[in-house]
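J.: Hey, can you work out the whole structure from these sequences and the hints?
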Amino acid sequence: MKTSTYQRPAETCLPWSIDRLPIVGRVLVASRDIAPYELILKDSPLVIVPKKGTTPLAKDEGKYCEMCDEDKEVCETLASKGLLPQQGRLSLLQLLAYRRLKNLEERASLVLGLMDHREEREKKVEFVEKEEELARFIESTGECCSKEQAGRLLGLVDTNSLEIIGGRSGVFPALSLLSHSCTPSLEHWVEGEVVVVRARQAIKKGEELTIRYLLLSMHIINII
600 MKTSTYQRPA ETCLPWSIDR LPIVGRVLVA SRDIAPYELI LKDSPLVIVP KKGTTPLAKD
660 EGKYCEMCDE DKEVCETLAS KGLLPQQGRL SLLQLLAYRR LKNLEERASL VLGLMDHREE
720 REKKVEFVEK EEELARFIES TGECCSKEQA GRLLGLVDTN SLEIIGGRSG VFPALSLLSH
780 SCTPSLEHWV EGEVVVVRAR QAIKKGEELT IRYLLLSMHI INII
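Each residue of the sequence shown is one higher than the one before, starting from 600 at the first, in the working numbering.
Hint data in this document are derived by calculation from the structure and do not stem from the laboratory. Treat the hints with care, as some may be off.
Label pairs and their computed distance ranges (CB to CB) [what the hints assert, rightly or not]:
{"hint": "1", "residue 1": "791", "residue 2": "612", "range": "23 to 29 Å"}
{"hint": "2", "residue 1": "650", "residue 2": "630", "range": "32 to 38 Å"}
{"hint": "3", "residue 1": "650", "residue 2": "805", "range": "38 to 44 Å"}
{"hint": "4", "residue 1": "623", "residue 2": "675", "range": "43 to 49 Å"}
{"hint": "5", "residue 1": "617", "residue 2": "801", "range": "19 to 25 Å"}
{"hint": "6", "residue 1": "637", "residue 2": "687", "range": "43 to 49 Å"}
{"hint": "7", "residue 1": "716", "residue 2": "635", "range": "32 to 38 Å"}
{"hint": "8", "residue 1": "716", "residue 2": "687", "range": "21 to 27 Å"}
{"hint": "9", "residue 1": "728", "residue 2": "800", "range": "43 to 49 Å"}
Backbone N, C-alpha and C define an ideal beta-carbon position, used for all residues, glycine too.
T.: Written out as structure tokens, the structure is:
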């Protein structure tokens with residue numbers, strides 16, 4: 600599983616730091632003056648949730664697709680017990696991705712601080728059904744998962760994910776701390792599964808760093 604990348608030359612300090620603002624919560628601010636088009640960060644997804652239509656098994660062969668390799672043992676165990684989920688709100692690959700996020704959240708501080716807006720989302724019947732479905736699935740793998748925990752996982756992805764190649768959603772922890780602005784100080788784009796963020800303009804030390812959330816502000820570069 601990939602982790603966020605913030606590598607820069609040893610002699611160069613990070614151009615950002617994490618701060619906390621009233622109401623807004625955690626944000627990124629400039630830790631020093633930043634030059635136009637300077638590289639701010641490269642962020643890799645902690646977990647990738649595939650789109651609904653992705654198929655986990657090759658028909659009539661029982662072979663697991665490449666995306667599912669790390670969950671093969673779990674899938675085989677559930678299949679042997681007749682516990683593989685059928686048609687539902689979430690596909691098997693989505694359920695497995697949320698399970699990986701749950702295990703990651705227990706040890707990753709970057710994930711623990713992300714917002715999930717669960718209370719607002721639970722007003723929708725579809726979200727509640729997904730909560731129950733996800734909790735049942737994770738319990739079937741032998742791990743504990745309450746409906747509240749499942750809702751937290753769903754909310755984390757809904758709130759903090761960014762669509763990448765193939766309609767998949769990646770949870771980028773550092774990128775999620777950047778606030779929205781109609782006139783952002785930063786520009787970001789996707790290179791494969793990595794988000795690159797650079798300064799659009801000169802930024803003074805202490806200023807909050809912002810991006811534009813609209814997809815129109817992003818450039819997606821296909822890497823083959």
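J.: Are the hints correct? Go through all of them and say.
T.: Structure-based check of each hint:
1. 791 x 612: 23 to 29 Å: holds, 27 Å
2. 650 x 630: 32 to 38 Å: holds, 37 Å
3. 650 x 805: 38 to 44 Å: About 40 Å separates the Cβ atoms of residue 650 and residue 805, which means 38 to 44 Å holds.
4. 623 x 675: 43 to 49 Å: Since the Cβ atoms of residue 623 and residue 675 sit about 45 Å apart, the hinted range of 43 to 49 Å holds.
5. 617 x 801: 19 to 25 Å: Because 22 Å falls inside the window, the suggested range holds.
6. 637 x 687: 43 to 49 Å: holds, 46 Å
7. 716 x 635: 32 to 38 Å: The hint (32 to 38 Å, Cβ to Cβ) holds, given that residue 716 and residue 635 are roughly 34 Å apart.
8. 716 x 687: 21 to 27 Å: For residue 687 against residue 716, whose Cβ atoms are near 23 Å apart, the range 21 to 27 Å holds.
9. 728 x 800: 43 to 49 Å: holds, 45 Å
This entry satisfies every hint, going by the numbered hints stated previously.
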